[in-house]
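Engineer: Here is how the chains run, residue by residue.
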Amino acid sequence: MRFSSENIARNVFFLCTIAGAVVISSILLFMIALGLPLFKESSFFSVWTGPWDPYQGLYGILPMIIGTLWIALPATVLALPLSLGTAFVITILGGSRLRKILGVLVRFMTGIPTVVYGFVGIFLLVPLIREGFGGAGMCVLAASIVLAILISPTMILFFSDSLTSVNPVDVRAAKALGADRVQRLLYVILPKAFGGMTSGFILAMGRALGDTLIALMLAGNAIRAPRGVLEPARTLTAHIALVKAADFNSLEFRSIFACGIALYLFTTTAVVAVRFMDYKRSVVQ
Amino acid sequence: MRKTSVRVLVIFFAFCFSASPCFGEALDAFEGQKGTIKIAGGTAHIPVMKEAAKRIMTRYKGIVITVGGGGSGVGIKQVGEGLVDIGNSGRAPRPEEIEPYDLKMFKWAIDGVAVVVHPANPVKSLTKDRLKEIFSEKIDNWKTLGGADHAITVYTRDEASGTREVFWEKALDKDLISKKALFIPSNGAMKTAVANDPYAIGYVSVGHMDPSVAPVTLDGVTPTIETVANGQYKVSRGLYSNTRGEPKGLTKLFIDYLFTAEGQQIVVDNGFISVK
Amino acid sequence: MHAVAEKAVVVFSWAMTIVLCLCVSIFLGYLLIHGLPSLGRDLIFGAADPLRVLLGRARVFDGLFPAIMGTLFLVILSASLAVPVGVCSGIYLAEYAGAGMKKFSGLLFDILAGIPSIVIGLFGFSLAVFLHNHLDNRFGPCLLISSLSLAVLVLPYIVRSTQTSLEELPDGIRRTAIALGANKLQNIAYVLIPNALSGISSGIILAIGRCAEDTAVILLTGVVAVAGVPSSLLSQYEALPFYIYYISNQYTNPGELSGGYGACLILLGVCAFLFMSAYGVKKHLSHRTLYRA
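Chains as they are written, first to last, in the working numbering: chain Y, 156 to 440; chain L, 120 to 395; chain A, 29 to 321.
Treat the hints as calculated values from the structure; they're not laboratory data. Note that the Cβ used here is the ideal one computed from N, Cα and C, for glycine as well. Hints may contain errors.
[What the hints assert, rightly or not] Stretches of chain Y that chain A covers, calculated by requiring three or more beta carbons in the stretch to come under 8 Å of a beta carbon on chain A: (1) 261-271; (2) 286-298; (3) 337-349; (4) 409-422.
[As the list claims (entries may be wrong)] Derived SDA-like pairs (lysine to any residue); straight-line CA-CA distance at most 20 Å: (5) L:Lys180 - A:Lys131; (6) L:Lys299 - Y:Ile173; (7) L:Lys226 - L:Glu381; (8) A:Lys131 - Y:Ile173.
[What the hints assert, rightly or not] Chain L stretches covered by chain A per the calculated footprint, using a threshold of three residues with CB under 8 Å from any CB of chain A: (9) 150-159; (10) 170-177; (11) 180-186; (12) 192-205; (13) 296-305.
If we strip away everything but chain Y, and leave its shape as in the complex, we get (with noise of 0.2 Å):
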């Protein structure tokens, strides 16, 4: 063993790469460590199938998870037409000026803070939404709408990303053929790059899943499960920030922890999957 400055780096080098290992599983270990008294006391089934009453001793979290899919889903859904023409304009169909400048406006949208879009759509949206639909105004609605906004960039930057990286033999190909613009970009550019753009939208929706803000603003946080988009909901993240509340021992701020476990097991799925399918692309190509 030389104690070399080179090596001493590289140990060091070593060691910050072990820190951030360690600490990914230790947030995932104190996740498990805390809300284990959760699983053993009431039975593990009725933490994720039963309703949020702590009045009546009730601490389940399905209206939450209930709640996130119903504004995660639409979101995504309102997000991925968005984006999908915008990302077509910006890498087909559009002037090289108007590219340029779309490409600057996408850039921008997604340095703007979270919670600047919350504030507006409290006092834009929801407005609007009341007197429109009806209803309180803080919904299911008007939390998705902001959300499809906020990963619609996301989406576009992956998804123009994958339209420009397809082999430009083959597009060179089809349009020696004679194949349009439009035609290139439907029946070349997109079946190559579709994998690639199934990644950016599981991504977007690992974010919309994941988002606090928005819904803690906009969505109402009542703890039944909605049963339409014009009805409150409360999403886990929500909730997290909401019962923070309470006593560290309890079995409500427990449940919190179920919830975070959820939380990550949600998007470290969508992770997985999306390593796995960039992964099989890569050996197929």
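Guided by the hints, dock chains L and A onto chain Y, whose structure is given.
Structural biologist: Positioned in the frame of chain Y, the structure of chains L and A alone reads:
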């Protein structure tokens, strides 16, 4: 134009305060002190806490006072666990909360919990039974009560809220609160939410009420400072500051300050009822 | 039939682009109309004298100054925690790690990047309580805990951007110094890092932007409504994004509300500037580094 007049007012008051001897004296106790006081919990308390903190911190640079919210439940738990020095609550701590932590409570104001609606709402008087029906979703349209043909939006507070607990016990007689109700994290936020929603109904600390929301007369009694003070309006409660064990040092000085003439004046200025 | 579908795609794409642009312009226009009038000295310093405030002689109670300082401290602290660790592990992964290690840690950092920020906030909060109960009761949710959690939050950006910008360097650059007799560390320090600097720094700028705008993490780890300028690492603090959240649901008068709009504009300005300069520094910043829930 309005700004200048506000400024003139501020200067005027600053002058008055600096001129009147009794206001200076109460703060003298903090002379030479250094350190931090962490306050959390009850959200009805926040305006008073903020004002007291502002006065102390303006005069003594070595003192830092942080004021957080969270609700009465949070205040009691956090002071018990030692995370904060003073935990506020809008209800008396329960015996099972006091005992494990040896909590000492200090009630420095009396407050009521009023039912509020948007000022434009014609429905400004309800019976208790009607109120229960609204909060349990049995009545879900203002039309039934003589208002606009629009769904009623019920706003409620989280489980940690002392305001919720007092309202639930004394106004709803522990009846159901709809699970569809929108959750609001504090008294300030409740007032803002109701002020912004023409179809809202909620409940808020009487001290927090202002013309942006309209109080609802309950069984013939309108919630105001006077009706709470003379006991006509039944949905009332004390505002407490709690410490773990007997308060010491800065914390004690702060609590003592709340009970001085100046402290109680802050209480009254913020719309609560003095305990003296 | 195909022709119709092709036309439809074109119309659809343009329509969607217009909708998106419209949303952004309405959003910005609304914010500017309401926020611009409030911008000014009073917004930041309130009634206090700016000079005295900056010298630490006066305190601000009705302005954004404590919140801005809180956010500044947060950003500096978390960057000084995350940047060294992140850059070092980026270097290790790019230059030293074997294929297996690369794959494994790549997955780990992807997962970390995907964890919702509120979960990291919850982690920070439990850590604070754990330290309070088992180490020293002066611990609690505070500036230090928030900075630590934010550092965890942005670590993946820095690792990723460092790693990819080093790996992207062409072999020509990579081998010259080695051929001239430099050892690996010299090569990294004097050749590779300077060449990858734009990518590394853009990652760091992005990370700073995220620290400045994140609300969910600090919500659980020590931000409060009133605290003044933080005096120690263990004190609670105010922050700009939390101020916006707080005002959005509990402003008491039009003045406070317009202060909220002003705060929105300031935060938006800072973050947009940071993000745009991150892109400016490095044109083809990988979008993967952007991904964050």
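Engineer: Each of the hints needs a verdict: does it hold here or not?
Structural biologist: Quick rundown of the hints versus the structure:
1. Counting residues of the region 261-271 of chain Y whose CB lies closer than 8 Å to any CB of chain A gives 10, which reaches the minimum of 3, so the coverage claim holds.
2. With a threshold of 8 Å between beta carbons, the proposed coverage of the region 286-298 of chain Y by chain A is violated, since 0 of its residues qualify and at least three are required.
3. Under a criterion of three residues with beta carbons nearer than 8 Å to beta carbons of chain A, the stated coverage of the region 337-349 of chain Y is upheld, 4 such residues being counted.
4. Residues of the region 409-422 of chain Y lying with their CB closer than 8 Å to a CB of chain A number 6, which satisfies the three-residue condition for coverage.
5. Straight-line distance between C-alpha atoms of Lys180 (chain L) and Lys131 (chain A) comes to about 54 Å, which puts the hinted pair past the 20 Å bound.
6. For the suggested pair Lys299 (chain L) and Ile173 (chain Y), the alpha carbons sit about 47 Å apart, so the restraint of at most 20 Å is broken.
7. Taking the CA atoms of Lys226 (chain L) and Glu381 (chain L), the gap is about 16 Å. The hint holds against a cut of 20 Å.
8. Annotation: proposed proximity of Lys131 (chain A) to Ile173 (chain Y) holds, straight-line Cα distance about 14 Å (limit 20 Å).
9. With a threshold of 8 Å between beta carbons, the proposed coverage of the region 150-159 of chain L by chain A holds, since 3 of its residues qualify and at least three are required.
10. Interface restraint, the region 170-177 of chain L with chain A: holds (4 residues with C-beta to C-beta distance below 8 Å; minimum three).
11. Only residues whose beta carbon comes within less than 8 Å of a beta carbon in chain A count, and the region 180-186 of chain L has 5; three or more means the coverage holds.
12. With 4 residues having a beta carbon nearer than 8 Å to a beta carbon of chain A, the region 192-205 of chain L meets the requirement of three or more and the stated coverage holds.
13. Check on the region 296-305 of chain L: 3 of its residues sit with their Cβ under 8 Å from a Cβ of chain A, so the three-residue criterion for coverage holds.
Violated hints for the displayed structure, listed by number in ascending order: 2, 5 and 6.
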